[in-house]
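Participant: Read in order, the letters of the sequence shown correspond to residues 2 to 417 in this note's numbering.
Please keep in mind that the hints were generated in silico from the structure rather than gathered at the bench. Do not take every clue at face value.
What the hints assert, rightly or not - Below, computed lysine-lysine pairings styled on DSS-like, alpha-carbon distance capped at 27 Å:
| id | residue 1 | residue 2 |
| --- | --- | --- |
| 1 | Lys212 | Lys75 |
| 2 | Lys212 | Lys160 |
| 3 | Lys215 | Lys160 |
| 4 | Lys215 | Lys75 |
| 5 | Lys75 | Lys326 |
To be verified - Across the chosen pairs, the derived CB separations fall in these ranges:
| id | residue 1 | residue 2 | range |
| --- | --- | --- | --- |
| 6 | Gly274 | Pro152 | 38 to 48 Å |
| 7 | Ser168 | Arg255 | 25 to 35 Å |
| 8 | Gly274 | Gly184 | 19 to 29 Å |
| 9 | Gly254 | Asn119 | 47 to 57 Å |
Keep in mind that this is a model prediction, so the values were computed, not measured. Just so it is clear, CB atoms sit at the ideal spot from N, CA and C, and this is done for glycine as well.
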Amino acid sequence: MLRNKRISGITLTCINILILLSLSLPISVSHTYKASAAGLSPRTTTHIANPPTTPFLPLGSFHLRGIDGPYHTKGNLILGVDNQPYLFHGIARDDLEYLCTSDGHYTQQELAYMGLGNNTAHATYWGGNIVRLPLSENFWLYGSTVQSCSPTHYQTMLKSIVDTLTSLNLNVMLDLQWSNAGGQSQDAGDAWAMPDQDSVTFWHQVAGTYKNYKNVLFELFNEPHMFPSSWQCWRNGCQIIKDYSGPGGHDHGRYSYQSVGMQTLLDTVRQSGATNLAVVGGINWGFDLSQVPTYHLSGTNVVYDTHPYPYGDKQPAHWESAFGKISSTYPVISAESGEYDCKTTFVNQLLDYFDTHDIGWMSWAWVPPVGDACTYPRLVVDLNGFPTTHMGLYIYQYLHTYIALSAGEEIPYKIK
Numbered sequence: 002m003l004r005n006k007r008i009s010g011i012t013l014t015c016i017n018i019l020i021l022l023s024l025s026l027p028i029s030v031s032h033t034y035k036a037s038a039a040g041l042s043p044r045t046t047t048h049i050a051n052p053p054t055t056p057f058l059p060l061g062s063f064h065l066r067g068i069d070g071p072y073h074t075k076g077n078l079i080l081g082v083d084n085q086p087y088l089f090h091g092i093a094r095d096d097l098e099y100l101c102t103s104d105g106h107y108t109q110q111e112l113a114y115m116g117l118g119n120n121t122a123h124a125t126y127w128g129g130n131i132v133r134l135p136l137s138e139n140f141w142l143y144g145s146t147v148q149s150c151s152p153t154h155y156q157t158m159l160k161s162i163v164d165t166l167t168s169l170n171l172n173v174m175l176d177l178q179w180s181n182a183g184g185q186s187q188d189a190g191d192a193w194a195m196p197d198q199d200s201v202t203f204w205h206q207v208a209g210t211y212k213n214y215k216n217v218l219f220e221l222f223n224e225p226h227m228f229p230s231s232w233q234c235w236r237n238g239c240q241i242i243k244d245y246s247g248p249g250g251h252d253h254g255r256y257s258y259q260s261v262g263m264q265t266l267l268d269t270v271r272q273s274g275a276t277n278l279a280v281v282g283g284i285n286w287g288f289d290l291s292q293v294p295t296y297h298l299s300g301t302n303v304v305y306d307t308h309p310y311p312y313g314d315k316q317p318a319h320w321e322s323a324f325g326k327i328s329s330t331y332p333v334i335s336a337e338s339g340e341y342d343c344k345t346t347f348v349n350q351l352l353d354y355f356d357t358h359d360i361g362w363m364s365w366a367w368v369p370p371v372g373d374a375c376t377y378p379r380l381v382v383d384l385n386g387f388p389t390t391h392m393g394l395y396i397y398q399y400l401h402t403y404i405a406l407s408a409g410e411e412i413p414y415k416i417k
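Build the full structure now, drawing on both the sequences and the hints.
Facilitator: Shown next as structure tokens:
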């Protein structure tokens, strides 16, 4: 997604205090259950309205907590080391793509808030099982003279974060968020349309470093968005003409470069010896997976990724054709989603849809307490895990329904 960076500080209000009181209250979230085509006994429920015609597993059949890797795919499922279905749910962090030395908030305690723990007056644990880390290929390969940061520093810092998350029993998704438009975009780079040759070098090194981490997933490239849209380009690369990161971008240059396709990035990861899950976003800023049956990648352990946000062409009416239909055949995950309007209408429908299609998800974004949560989908008021009103609180409580489900507790159905 396009990001409008830091705006202003946030202070606690009476509303925040009311949120804190609500953190321990159950949320009326509907977890619906569906039948399986993958060897487990189907289960039905009368609570499902307009169920899809394709069969899916009931949520109760999934492993939902902790690390169960190394992971692999079979049909439309992600399976753990025990060959049981696994569903990822968690948080997308923000800042490592544009801050070479980070914002400094990656201590063990601060990272722990994204996973399991017991809430206190000053600490809130969200109960996710995965954390997504967005990265810059420039920082990894070249560091930043502007930020006085060497590539060794960036790589060492990232490894420390991944090791800490691993020790906390959390999965990690490493996401190539910002690239450099064929070496033309300096410092952090930006959210360019397609990967370039340095992206290949990046994945050769990153996959080689983390191939033995059973809890690490590789998101090959964040939100491909070439214009005009081309599935052939998405898969195999093409010449990008005058790429522009937009008014909210970091680098306002217009660059032409030869891109590489998703197949090349996948091949690079596999040639390193890594069998980790490879997460691959579709076209139209990672939203559209409709042509995956025609242009699917050749290789193993591939998971396709969709990023729904409440724009006009990404509303609920488009979900089935964009990613819902293929989720009965291919593993699908959503590494990013969010809502901008200080409401929960969009994410409410979206998470219900994900659950009924066995689609794991990460919510954007766990970001330091600056900016307007009504114009940027920010989850937390502070980095002790205190949720923002509306979307932040909703995501927090929704994650906790999975914890209850794992514990065999009854999940309340939504009051319409």
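Participant: Against this structure, judge whether each hint is valid.
Facilitator: Now for the hints, and whether the structure bears them out:
1. The straight-line distance between the Cα atoms of lysine 212 and lysine 75 is roughly 20 Å, inside the 27 Å bound, and the hint therefore holds.
2. Proximity of lysine 212 to lysine 160 is assessed by CA-CA distance (about 13 Å); at most 27 Å being required, the pair is judged to hold.
3. Between lysine 215 and lysine 160, the direct Cα distance comes to roughly 14 Å. Compliance with the 27 Å bound is thereby established for this hinted pair.
4. Proposed proximity of lysine 215 and lysine 75 is supported: the alpha carbons are some 17 Å apart, at most 27 Å.
5. With a C-alpha separation of about 17 Å, the suggested pair lysine 75 and lysine 326 falls inside the 27 Å cut-off, and the hint holds.
6. Between glycine 274 and proline 152 the CB atoms are about 22 Å apart, so this pair departs from the stated range of 38 to 48 Å.
7. Judged by the Cβ atoms, the range 25 to 35 Å given for serine 168 and arginine 255 is violated: they are separated by roughly 44 Å.
8. The hint said 19 to 29 Å for the Cβ distance between glycine 274 and glycine 184, and at roughly 27 Å that hint holds.
9. As the Cβ distance of glycine 254 to asparagine 119 is approximately 49 Å, the hint placing it in 47 to 57 Å holds.
Going down the numbered hints, you'll see the structure goes against 6 and 7, while the others check out.
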